[in-house]
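Whole structure, please, built from the sequences with the hints as guidance.
2 protein chains.
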Amino acid sequence: MQESVPGIVIGRLPVYLRALNILQQEGKEVTSSQELGKRLGISSAQIRKDLSHFGEFGKQGTGYSITFLQESLREILNVNRLWPIALVGFGDLGNALVHYRGFPAKGFFIQAVFDNDPGKVGDKINDLTIQASSEMERTITQHNIKIAILAVPIEAAQSVAEKLVKIGIKAILNYAPITLALPPNIQIQNIDPVVHLQQMTYYL
Amino acid sequence: MQESVPGIVIGRLPVYLRALNILQQEGKEVTSSQELGKRLGISSAQIRKDLSHFGEFGKQGTGYSITFLQESLREILNVNRLWPIALVGFGDLGNALVHYRGFPAKGFFIQAVFDNDPGKVGDKINDLTIQASSEMERTITQHNIKIAILAVPIEAAQSVAEKLVKIGIKAILNYAPITLALPPNIQIQNIDPVVHLQQMTYYL
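Residue numbers (this note's numbering), protein chains in the order written: chain A, 11 to 214; chain B, 11 to 214.
One thing to keep in mind: the hints can contain errors.
[To be verified] Quick list of in silico lysine-lysine cross-link-like pairs, DSSO-like style, CA-CA up to 27 Å: (1) A:K48 / B:K156; (2) B:K48 / B:K38; (3) B:K48 / A:K180; (4) A:K130 / B:K134; (5) B:K48 / A:K48; (6) B:K156 / B:K134; (7) B:K130 / B:K156; (8) A:K130 / B:K130; (9) B:K48 / A:K173; (10) B:K173 / A:K48; (11) B:K48 / A:K156; (12) A:K176 / A:K130; (13) A:K134 / B:K48; (14) A:K48 / B:K38; (15) A:K156 / A:K130; (16) B:K69 / B:K38; (17) B:K59 / B:K69; (18) B:K134 / A:K176.
These are calculated hints, taken from the structure and not from any lab test. Predicted, not measured: the structure shown is a model, and the values here were computed from it.
Structure representation (structure tokens):
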């Protein structure tokens with residue numbers, strides 16, 4: 011039945027999970043839709059409605075057990091495991107992503123890094139070695155990688171994305187400022203700071 | 011009347027503008043809601059409806075003049091000018107943002123960079139000099155900066171954001187993985203790769 015949950019609801023679940031992690035770090039064990047709503051600038055009714063798609067998580071009057079709701083959301087989002095990620099493109103952004111320490115606690119780790127610059131191939135960052143793009147197929151198949159982060163120049167984005175899909179990638183987090191055209195069964199999310207900045211200047 | 015346009019519509023306008031820029035780079039002068047829709051995976055009816063909030067941009071049967079629609083969207087989004095940005099936090103991500111060359115063509119430039127690490131203050135990147143956080147108020151006031159990009163550690167994000175608002179910042183692009191609590195008149199947009207990745211793993 012979860013196929014029928016609107017995408018906008020799914021989009022809020024990671025934000026709820028993030029807020030729960032912070033509440034837990036603050037030493038709290040129980041929370042409420044009111045407290046979560048206040049933290050997130052979302053109405054408590056919206057939070058209760060979103061969660062009701064997936065079951066009953068709190069008792070009337072006693073609120074939510076943070077640990078239980080965390081575990082439930084992790085299960086719903088399939089991040090009660092560690093997903094290997096292929097990072098494609100090791101420019102400044104790729105470098106920032108490799109050094110980002112927030113992934114493992116959230117269900118992800120960068121398994122492999124690819125770049126087509128011969129001057130970078132073979133370089134070591136932490137315990138990763140930058141591989142040539144020609145190694146993508148072998149490595150992605152070998153490690154059964156389903157998720158890629160695309161951090162290549164705009165000119166290369168579409169063709170690299172198509173290659174990744176052919177190799178077996180099912181989800182792409184795209185940092186190139188272009189809308190990728192890929193088969194409908196491929197999950198795509200986009201991060202473009204300009205898109206966010208221009209949304210804000212509308213209101214300024 | 012533009013205040014009544016739903017935020018989700020505003021959110022799509024920068025994506026339309028981005029697609030128009032690419033079409034123009036491809037040498038095209040005219041496009042249609044069908045062509046745009048196909049590029050963006052959005053229905054042509056949705057695009058026409060979104061644009062109709064702001065006027066008439068195409069003639070029945072002849073489509074949109076790309077230049078005219080670009081100019082119109084730039085005007086609507088207030089990016090027919092260059093907005094100075096204060097980048098706060100010069101870690102790996104801050105470094106990637108400073109080196110990102112996509113801002114000026116889209117209406118933005120990084121005017122000032124701040125970090126509280128004395129080892130970084132005074133360093134030069136391109137024509138920018140990293141300034142101490144204590145310089146924020148003076149610099150942001152002097153250059154009348156209204157937009158900040160927040161690329162500081164999660165622990166510092168809320169307090170730095172509050173300080174920025176006090177100084178006169180009206181819009182914050184927040185890269186820290188936390189929901190900021192700020193006055194309702196402040197525009198906030200968030201970029202957290204984990205939130206995007208977890209939305210995709212739901213479907214995997």
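Of the hints given before, which are not true for this structure? 5, 13, 14 and 18
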